[in-house]
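One-letter residues, chain by chain:
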Amino acid sequence: MKNNKRYLPEGKYVMMGNVAMAEGALAAGLSFFGGYPITPSTEVIEHLSKRLLEVGGSCMQMEDELGSINAVIGASLVGAKAMTATSGPGLSLMVETISMAANLEIPFVLCDVQRIGPGSHGPVTAPHHNDLGLIRFAGHGEFQVIALAPMNCQELFDLTIEAFNFAETYRCPVFILSDAYLGHLHEPIYIPPKEEIITRVINRELPQDYTKKFSYKDDNIGGYIIPKPPIIGTDYFPLMTLHLPHNYEGLPGVSALLFMEILIEKIKTNIDKISITDEYKLDDVDIVIIAYGLPVRACYHAVDIARKEGIKVGIFRLVTVWPFPDEKVKKVVKNVRAIIVPELNYTGFIAEQVERVTKLETPIIKIPKVGVLHHPDDILKVIREVSK
Amino acid sequence: MSGMGPIYPKEKPDHPYVQFSTGGYLFGNYNSLFCAGCGYGIIGHIFTRVFEDEKIEPKLFPLIIGIGCYTQLVTLVHHTSQKFFALHGRAPAVATGMKMANPKLKPIIFSGDGDCFGIGGNHFIHMCRRNLDCVIFIFNNSIYGMTGGQAAPTTLYGAESTTTPYKMFENRIDGVNLALAAGATYIARTTVAHPRTLMKYFRKALKHKGTSVIEVITPCVTYFGRKNLDRLGVEYLDIIGEKMDNTGRMLDWIKRNSVRINQAKFMTDEELFNNYIIGEFRYEPDKPEYSEEYAKIQKIAMEEK
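Top line first, the protein sequences correspond to chains A and B. Under the working numbering, the first sequence has 271 at position 268, and the numbering climbs by one with no breaks. Under the working numbering, the second sequence has 350 at position 200, and the numbering climbs by one with no breaks.
Bear in mind the hints are in silico, worked out from the structure with no lab data behind them. Keep in mind that the hints are not guaranteed to be accurate.
Said to hold, decoys possible - Dumping the calculated DSS-like pairs for lysine-lysine here, alpha-carbon to alpha-carbon at most 25 Å:
| id | chain 1 | residue 1 | chain 2 | residue 2 |
| --- | --- | --- | --- | --- |
| 1 | A | Lys53 | B | Lys254 |
| 2 | B | Lys209 | B | Lys393 |
| 3 | A | Lys8 | B | Lys449 |
| 4 | B | Lys446 | A | Lys8 |
| 5 | A | Lys197 | B | Lys449 |
| 6 | A | Lys53 | B | Lys446 |
| 7 | B | Lys357 | B | Lys254 |
What the hints assert, rightly or not - A partial selection of chain A residues facing chain B, derived with a Cβ cut-off under 7 Å:
| id | residue |
| --- | --- |
| 8 | Phe35 |
| 9 | Leu56 |
| 10 | Gly70 |
| 11 | Ile76 |
| 12 | Ile234 |
| 13 | Met243 |
Keep in mind it's a predicted model, so treat the numbers as computed, not measured. For glycine and all other residues, C-beta sits at the position ideal for the given N, C-alpha and C.
Full structure from sequences and hints, please.
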């Protein structure tokens, strides 16, 4: 039984961030959601409990976060597009399974609506971009993940579709880094017509060649080949799914070093396709702001004012936060006097990466904030100081 | 295939079902990876036998294996079965996801006492509560065998293990009572000393619509038997026991400590102390099954304007 409820009619809507993300997941073909209520991500499971059933999918409220991520893995194994949504404490519980899924290359999407941590009490509805530190090396073992950071409700819709496509294509854990303010923000969004959405979505399909089920290094072309995800209940499933270095058939017989290389390089060699970035007034800059997520919105305002004052400043925005686009950043920071990195955390996870890429040749000014957003004045003040 | 141990016996054993095992059929390796005296060989054989005799469609019965010694059963089970190795204790959650995403499947879960009552207790309880259509085997050897003989939630009172070198003084968990309280609809317990009963229960569970919990008491000679006397828990009777350092004594002890359910009704708690009650505890085929109920709700939601 099929109906047309999966896609909302084309038009403008006012939506909460979490709801926009849920709708984006539905548009991407979501058919299984496993979750556990946690502020500030609860609206995702609340919305999908109604909407996912309308399209014939399953929305399970599991017994805990461990249960929800494992149910998502199980659903993904039988060919469903699956996701879960959580916040920092829940993510901490999920990391073991994330490692396992990375090893077996099980695609899934995890929406992390970040809140203040560490700890499970306190201001749970305040934003804190603290989970990037966990996500980039989530779990035990070595592997690469993909993390996307939207900055408004429209992007929560669009990038969720993109996240599912990345998960299907690269077969790695894909994260959407939302936060408490963005998740609860109500904004107008435009939902494109059904026909346009369908062209953007990559569906789960069985491949022509059933012999190779896991990523492998092809020495002839020198690249890394990522086959389609295997599906339980079809002939396209490996004999064993051992959580150890395995070859393309899922059997042991690959050196651990080569296996780690495949897991990491299959993402890194495709960084041009994965890395989404945005530039704002970057043509002739002395000072560049590198930012992601909600702080970017304050930066736009600050840059506009600074430009009027004659300060040459622009924004380099990371939409794909991880993997970090080394080459693009190198190009951007080539002739600048200073780099400003406003981040919603104290450590500065992206600032660390910029330091690594620039080899500390350019001064980097961090603007840390936790629990409150950057005011454009905060950024403007730093821009003026630097430009003196 | 590496990691499958020595190829022994060299020639194909004269056994009607050995040819269907994964290791034997695909790699010509008819060995088992288990210690001498382990009960998992019997379980692997029974699984393969039922799988072959009942002509089970392997694509509809995915096998989800938890973490423990029984993970090595993968070489003994039927070669056509689709196997997925779940994380330690998370197999019931994976089964829930599989069943809900594709209700045609009926997952079969291999789990152990530490896996199911220790680390994964929560998932087990909630799978039983939902009455999800699947079969879960819990292999109870009352010890953590793979890590070298630590105390499990099911370790008997007074037993010695590497983490309870003096004696085990914690209360043990009764998996059947747990499943009864949680609401599974087919619950049975048997031992590897009663293989035909186990086969009967497995066949029944395959046809049952709902959560089928089969707890199998199995011996661990290497880490449980060698350290413990076969008069465990009845020291007050002043009988000097013997070390259960071989299969015979261990199976003998299991048989002696197993009480049929109808017999147990007339026994006192003291008499039943450290004993296993075996038999069928509950069979309710008419109780609503989760995925079917879910489909009804889905239908309502899909038709709603």
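These are the hints, each one checked on the structure:
Between Lys53 (chain A) and Lys254 (chain B) the CA atoms are separated by roughly 23 Å; this keeps the pair inside 25 Å, and the hint holds. For a cut-off of 25 Å, the pair hint linking Lys209 (chain B) to Lys393 (chain B) is broken: about 45 Å separates their Cα positions. Restraint check: the Cα-Cα separation between Lys8 (chain A) and Lys449 (chain B) comes to about 13 Å, which is no more than 25 Å; the hinted pair holds. For the given pair, Lys446 (chain B) sits about 18 Å from Lys8 (chain A) by alpha-carbon distance, which is consistent with the 25 Å threshold.
Between Lys197 (chain A) and Lys449 (chain B) the CA atoms are separated by roughly 23 Å; this keeps the pair inside 25 Å, and the hint holds. Taking the CA atoms of Lys53 (chain A) and Lys446 (chain B), the gap is near 14 Å; set against the 25 Å cutoff, the hint holds. Taking the CA atoms of Lys357 (chain B) and Lys254 (chain B), the gap is about 14 Å. The hint holds against a cut of 25 Å. Checking Phe35 (chain A) against chain B: minimum C-beta separation of about 5 Å stays under 7 Å; hint holds.
Checking Leu56 (chain A) against chain B: minimum C-beta separation of about 4 Å stays under 7 Å; hint holds. Contact between Gly70 (chain A) and chain B, as hinted, is supported at the beta carbon level, the nearest pair being about 4 Å apart and thus within 7 Å. Nearest Cβ of chain B to the Cβ of Ile76 (chain A): about 6 Å, under the 7 Å cut. The hint holds. At its closest, the beta carbon of Ile234 (chain A) sits 9 Å from a beta carbon of chain B; the interface hint therefore is violated under the 7 Å criterion.
At its closest, the beta carbon of Met243 (chain A) sits 6 Å from a beta carbon of chain B; the interface hint therefore holds under the 7 Å criterion.
Comparing the model with each numbered hint stated earlier shows that hints 2 and 12 do not hold.
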